[in-house]
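Let the hints inform the model, and build the full structure from the sequences given.
Taken in order, these protein sequences are the chains called A and B.
For the first sequence, counting from 1, position 18 maps to 18 in the working numbering; every step adds exactly one.
For the second sequence, counting from 1, position 255 maps to 575 in the working numbering; every step adds exactly one.
Accuracy of the hints is not assured; some may be wrong.
Ranges of calculated distance between the beta carbons of each label pair, as one might list FRET restraints [unchecked claim]:
(1) A:Trp21 x B:Asp331: 54 to 62 Å
(2) A:Asp150 x B:Arg551: 45 to 53 Å
(3) A:Ala101 x B:Pro639: 50 to 58 Å
Simulated from the structure, these hints should not be mistaken for lab results.
Values in this document were obtained by computation on a predicted structure and should not be read as measured data.
Don't be surprised by glycine CBs; every beta carbon is placed ideally from N, CA and C.
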Amino acid sequence: MFVWKKRGKVFTPQAVEGRSWLKEFAQAPATLVFDDFVRVYFSCRPPADANGQYVSYSAYVDLDRGDLFKVLRVSDAPILALGGLGEFDEFGTYPVSVIRAGDEVRAYYAGWTRCESVPFDVAIGCAVSHDQGKTFTRLGRGPVLGRSPDEPFVLSGPKIRRFNDLWCLWYIAGRKWKRVAGRPEPVYKIRMATSRDGIRWTPLNRDLIESRIEEDEAQASPDVFYANGKFHMFFCYRYSSDYRGKANGYRIGYASSSNLTDWVRDDAKAGIDVSDQGWDAEMVSYPHVFELDGRTCLFYLGDQVGRHGFGLAELDGTLA
Amino acid sequence: MKLTKRGRIFDPTHHTLPNGCVQFAQSPQALVFEDFVRIYFSTRAVDEANGKYLSHVAFVDMRKNLREVIRVSDKTVIPLGGLGCFDEHGIFPMNVLRHGDRIYGYTCGWSRRVSVSVDTGIGLAVSRDDGLTFQRIGEGPLLGASLHEPCLVGDGFVKVIGGSFHMWYIFGTGWQRLAPGAAAERTYKIGHAVSTDGVQWVKEEARQIIADRLGADESQALPTVVEIGGRHHMFFCYRESFDFRKTQGRGYRIGHAWSDDLSHWTRDDDCALPEAGPGEWDCEMQCYPHAFECDGRFFLLYNGNAFGRHGFGLAEIEP
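Structure follows, in structure tokens:
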């Protein structure tokens, strides 16, 4: 079992002032490391509208590289505008995953639209930055990865990586909308696609991680990290119903692979769970692993899937 | 080339339709058998949940004189998609293609949205019983919104030419509101995709292949291609994007283009359908064309007024 030392909550969105689009939530942290700071992208929300519905934006916070608890600045505006009328990302750009590609930074993000019979659909878009990740422009008005015969809806939670010259995109794909107490709830599983250019993707078209707690277990945040000769995936999972509280809410799982596509799940190794008390006592979710100055670090969300921000844990030892 | 109208040949209100459908026989699509022609169309039931329409596929078998009805389908040809799927709220149209001993049905699936009325995608369903019933190959679409085709990919029409599958289809260029609070209206154009197997497609991403006649706000729909005398002829329908439902002169008309290389198309609407006189079934609107060959003759099926609420008619294409 890995041993993660929890260091506490790093960023609290409620503490940020003067940004109408950022009231609460700092979801799905994703890092871009600079010489003297770590830029952490996250997704946030303004207050809900009159119907109680949210839109979501993505933004970043820069943390001092020497002390990740020291906030240097928060972006003045969302990194990306919402999509236009009838476009796939009209109602949200959440979550986002970034990667350097030459002088550019590319962002892969999930775009949200609202539907009539189910609350939403999601597809994955791509945007590019020419200013070191401060602002991004969409490559097009449509998604780079949308629904297909085997992945009919809710393509979300992209995580972009490059291993040698192969672009890899891990994401989640909806398998069914399940009616729970009259309300459609999405069941989604972790999947991947590969690409030579990051634009044209070939989905693998199968679930990567076997379900453990129930057949309709929902899986999210497939965060892949290479260390010591193999690929490690930290992800989160939850029950399909009553998942907004502690009992059925998100926990962090783990799987490993030698070839990127065949994964062995072993949640007992994950080494991080809810705390007895505090900001992450009900759920832990949306893990993101990164290496910083010889340390292996983990950002993750606590209760209410990041409504009150994200925190840091550090690995005792190495991923092996 | 000349088109001679034969009048309306099918009125759905004169028949009992499956799935509780009553009116509409839209976007007729022909499948020619040895001694009859099966014509698929989309008809409508009312969604009990909210009073909106659900489009279902049905068919009518006609004698080859294309006047006498043999029968109308009495059961479901293809069920609608499940909760949250791209074809949950309708299939309209379904283009059919013989492929070995199977029939491929390229569906245009509809699902409702909140800020705009709908989005669409193109699916594939396969029949192993001569087109009586179809089973989809997956719950999602073959073709949907992509990087430069942001919405409303639909109306696929597929032909195998020289060993390659060709699809002509439409893609949305965007939704617009003429005024704040007005309903959002869509604009779409005709595009082209190719495939080696009819399943994996490569789109010519957002290349509009047919020139506009009405300007940028022209919407083009339901392309259909037929080869006559070594030349490819495309029929389609086109309209203004705004105020097109009721205002004479802004609604759907039939357009035409031709090509010798399947890449460059020359628009020539003069070859299209003659206008109808006052009071005729197609005097306000002519739309949703489908061209096909039957025993060496060429025909065009199409809808008339009110988007096909009262059925479809026939014209003969004479070279």
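Subject >> Which numbered hints fail >> reply: 2
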